[in-house]
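Participant: Residues per chain, in single letters:
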Amino acid sequence: MTASSSRANSSAIRPPLLDEDFLARIERLSLVSRRTVSGRVRGERRSRRRGFSNEFADYRDYVAGDDLRYLDWNIYGRLERLFVKLFHEEEDLTLSILIDASDSMAHGEPEKLTYALRVAAALAAIAITSGDRVGLFPFHTELLPPLAPQRGRHNLPRILRYLQDVPAGGETRLEPSLRTFSSAFRRRGMVVLISDLLDPVGFDAALRHIGGRGVEPFVIHVLSPDEIAPALTGDLRLVDCENGSAVEISVTRGLLSAYQRTVDGFREAVRQSASRRGIVPLFTSTAVPFDQLVLSYLRTRGVLK
Amino acid sequence: MTWGNWLGALWFLPVLPAIVVLYFLRLKRREIVVSSSLLWSRVLEERRVNSPFQRFRNSLLLILQLLAAAVLIAALARPEIASTPAANRTHVLLIDVSASMAARAGDATRLAEAKRLAGHYIDALPAGERGAVISFARRAKAVTPVTDDRGVLARAVASLEVIPGSSQIDDAMGLAQALVQNYLALSVGEELGVGEAVAVVFSDGGFPAWPGEGFPLPANYIQVGEAASNSGVVALAARLDFERPGTLQIYTEVRNFSTQPAAGFVSILQDGLEVKAARADAIEAGGKWSRSFETDAGAGLIEVRWQPESDDALELDNRAWLAVGAQQGIKVWRIGADNFLLDGALAVLPNVEVTRVAAADVAPFLLDGRAPPDLLVWNRVAPAELPRDVPQLYFGALPPGVWSQEAATIRFPPIVSWNRGHPVNRYLTFGALDQSIEEARVLKPAPGVELLLETSEGGLIATYSAAGQRGIVVSFDTLQSNWPVQLSFPLFLYNAVAYLTTAEGATGMSLRCEELLTVRVPRTVKTCELHRPDGRRDVVEPDATGTVRYADTNALGPYLVSWRPAVAASPDIADEQEVIPVNLLAARESDLTPVTRLEIAGQQISSSQQPRPVSREYWPWVLALALLVVCVEWNFYHRP
Chain A
0 MTASSSRANS SAIRPPLLDE DFLARIERLS LVSRRTVSGR VRGERRSRRR
50 GFSNEFADYR DYVAGDDLRY LDWNIYGRLE RLFVKLFHEE EDLTLSILID
100 ASDSMAHGEP EKLTYALRVA AALAAIAITS GDRVGLFPFH TELLPPLAPQ
150 RGRHNLPRIL RYLQDVPAGG ETRLEPSLRT FSSAFRRRGM VVLISDLLDP
200 VGFDAALRHI GGRGVEPFVI HVLSPDEIAP ALTGDLRLVD CENGSAVEIS
250 VTRGLLSAYQ RTVDGFREAV RQSASRRGIV PLFTSTAVPF DQLVLSYLRT
300 RGVLK
Chain B
0 MTWGNWLGAL WFLPVLPAIV VLYFLRLKRR EIVVSSSLLW SRVLEERRVN
50 SPFQRFRNSL LLILQLLAAA VLIAALARPE IASTPAANRT HVLLIDVSAS
100 MAARAGDATR LAEAKRLAGH YIDALPAGER GAVISFARRA KAVTPVTDDR
150 GVLARAVASL EVIPGSSQID DAMGLAQALV QNYLALSVGE ELGVGEAVAV
200 VFSDGGFPAW PGEGFPLPAN YIQVGEAASN SGVVALAARL DFERPGTLQI
250 YTEVRNFSTQ PAAGFVSILQ DGLEVKAARA DAIEAGGKWS RSFETDAGAG
300 LIEVRWQPES DDALELDNRA WLAVGAQQGI KVWRIGADNF LLDGALAVLP
350 NVEVTRVAAA DVAPFLLDGR APPDLLVWNR VAPAELPRDV PQLYFGALPP
400 GVWSQEAATI RFPPIVSWNR GHPVNRYLTF GALDQSIEEA RVLKPAPGVE
450 LLLETSEGGL IATYSAAGQR GIVVSFDTLQ SNWPVQLSFP LFLYNAVAYL
500 TTAEGATGMS LRCEELLTVR VPRTVKTCEL HRPDGRRDVV EPDATGTVRY
550 ADTNALGPYL VSWRPAVAAS PDIADEQEVI PVNLLAARES DLTPVTRLEI
600 AGQQISSSQQ PRPVSREYWP WVLALALLVV CVEWNFYHRP
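So the protein sequences, as listed, match chains A and B. Oh and the first sequence: position 18 is 17 in numbering that gives the first Met the number 0, straight run, nothing missing. Oh and the second sequence: position 472 is 471 in numbering that gives the first Met the number 0, straight run, nothing missing.
Hints should not be assumed to be uniformly reliable.
Claimed, not checked - To list a few chain B residues with every Cβ distance to chain A over 12 Å, as calculated:
| # | residue |
| --- | --- |
| 1 | E30 |
| 2 | S35 |
| 3 | E45 |
| 4 | L65 |
| 5 | E283 |
| 6 | P349 |
| 7 | P413 |
| 8 | R425 |
Stated by the list, open to error - Partial pick of chain A residues on the chain B-facing surface, computed with a CB cut under 10 Å:
| # | residue |
| --- | --- |
| 9 | L81 |
| 10 | F82 |
| 11 | L85 |
| 12 | G253 |
| 13 | E267 |
| 14 | Y296 |
It is worth saying that the hints were derived from the structure and are not from the lab. Beta carbons are placed, not taken as given, at the ideal position from N, Cα and C, and that holds for glycine.
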């Protein structure tokens, strides 16, 4: 398969990313935020901002104009002073999903980009149905025109349609793309990066752009089975689909073993780099059914509940 | 390890660099588009595969191909391993005991030297290996079977003695093949191949080349003896001069096999007494001296002695003997009807004594044990029972038991053909008999019958031979034809008498060593005494036909066979006797020049004082290794 043919495949009309059955199964799921986050509207998330909800946070002195319903009459009986109970205000969550749409993601069997888009669609659907905001940020060489954070179930078709039309192409350039996202679009909430991280420049510098204060970052590292354990024989010339560079190899058992060690080392580097920046790394293969990833693996890892 | 054809293999050495060149030329890599070459680049960076040496190291296929080609070239070079010390071999020691081995070699003889070398060979046999000993001269004899008992082999070698005859390797090689094959057949469960047996010839090489046949038994040659001066008698013949009764003509030839001229005396002895002598002066190197002697001593035992004046390494060829029988006429009995033309023709035959005998007297005379006549000539009469052991000539009658007495007759038969190659028909033509025979019996072909003269219906003259009976039949009465007045008739009688009787008594006779000695004695004789020239006496018994056979003629000189006539068992009657000498008379044995290269089974085998290691070729194993390497290469090539 050549680079052009793979691009042609990726630009072909994709099948629906989610079906009705899957949407029904994720109805009761929601994103788990381990941090208090702030949102623009009162939502279902606990916010640092004190507000009024069911979860007690603190007291403050009553001032004229406060809602009398939140006066703590018990304290008034003991201290004869008026205090108003403060609760964690539940706010909506902003889920920013960064999707690597480079040429390398258009490879693999199943195709990594399709896999990434379906995962993104699932996460977005879960977020939307939970009342959270969802922003989509595809990129390859640079950040592509994003879908600004959307809220409300009525926006789910729009989100899915946007994902359906994400084009593949270009080289992977993580650092400039994520830097642009960080500076222009980053908001408090969850940031999920879905990528194979196969950037010749490296991924370590790029990951720092998705962490930071008020953000709960995740990176879902996607590889295809033929990248994890390639079934290659003979004397080969491997051409990079993104930049056309080639390497010549004579496949031997030793070479395959060395490659396996390199893949393991690459994943370990991802784990260490992510951990260093407070990013939760999640590793998957396109051989793992995406619904299994969403319904089982992400719940196990505490991303969903 | 040595190489049988390393020069030939050199031609194939360029194959190795050619494979390397072809490898890089053919290395057309399959192109595959991958998502990223990032990880592969890191792998290659780690392994540093970009250097050519690393490519060699990793290219197992190329290495295997080079290895397979190298091994194939090695197989073409025919690797050999000298396998003298190889275990599980069978060594057949062929030791020449012919006359030439009696030649002096230093203080001993060539045979002693051969025995010493064979002893060393046996001592040096590796543990677990076997041997067998065969002695050979004219005939071969297995002295031991195949055995691993060194003592048996050594004792067998020590017991060998010279047999003063010529030598031939044919029987010895055949016997060695048989010994090895028998051993192979009996060695059930042992892996013993052809290459594990070897024939080792200890000889001076004085025998003809052997073309080789049957079992391919490799041979080594250990030459015995050095060049030595020798001269000896190589030819001796004698005959009685019929024109001068009592005169004996003796021809003898002495040959000088030395590199220097030789001289000496030749003596002719008759019954132990010297009757003639001559000096042979200056026989040049490789030359011969021959002389005819005449004596008037008549029959007797003739001995020729050569007394060289120069060095002579072999004494066995300095004497030769001949037994010359008494000049006796051929005794012919004429039986049957008168025929003056036949009698007249018989009477003029030289050295023939004709006696008329009545038909009824023949059988009793032959049965009483007296010496039989040399020939019975029957005319128009035949005996009821065919007399044995006496040749017979029939005219106008048929011998009993050969043809039916009621054989068809034919009148004035045409002459169709006659056997011109038969000795009886020598110098004869039968054309004058065509349709000139009034009546004849037709002789049908039968086993043992050879037709000499044929008409359209069958034979008119034939020879027959069956169970001790032999004779010639003329199926018509000569008086009923014009044959007696033809020149062919007396010639036919002369030829027939010469054919049916032997002339042995008229000329000297002798045997060669190990030839069968046969003497005809009266059938009434039960035992004979045989006096050998080495002084030993043997008692031999004639067979039913009165023939004495003695095969153990392994000494040179006169063998005397004596017997006592049964009918005259009186002490006054002297024993009858016959002398048959055994001679060497072999130029090849007298020539003591050692042969350095034998030709056995088409191969030139050089002499060696040491046991020549037998090269075993290992190219089949090397070829198998090459195939194994190719299989491994194939396996790697197709491994997923």
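Participant: The structure should be examined with respect to each hint, and the outcome stated for every one.
Facilitator: Comparing the hints with the structure gives:
1. E30: 5 Å, violated
2. S35: 4 Å, violated
3. E45: Since the minimum Cβ distance to chain A is about 6 Å, B:E45 lies within 12 Å and the statement is violated.
4. L65: B:L65 is indeed farther than 12 Å from all Cβ atoms of chain A, at 16 Å.
5. E283: Holds, because the least Cβ-Cβ distance between B:E283 and chain A comes to about 83 Å, which exceeds 12 Å.
6. P349: 104 Å, holds
7. P413: Non-interface label stands for B:P413: nearest chain A Cβ at 96 Å, farther than 12 Å.
8. R425: 91 Å, holds
9. L81: 66 Å, violated
10. F82: Violated, because the Cβ-Cβ distance from A:F82 to chain B comes to roughly 61 Å (cut-off 10 Å).
11. L85: Violated, about 52 Å.
12. G253: Result: holds, 8 Å to nearest chain B Cβ.
13. E267: Cβ of A:E267 sits 13 Å from chain B, so the hint is violated.
14. Y296: 22 Å, violated
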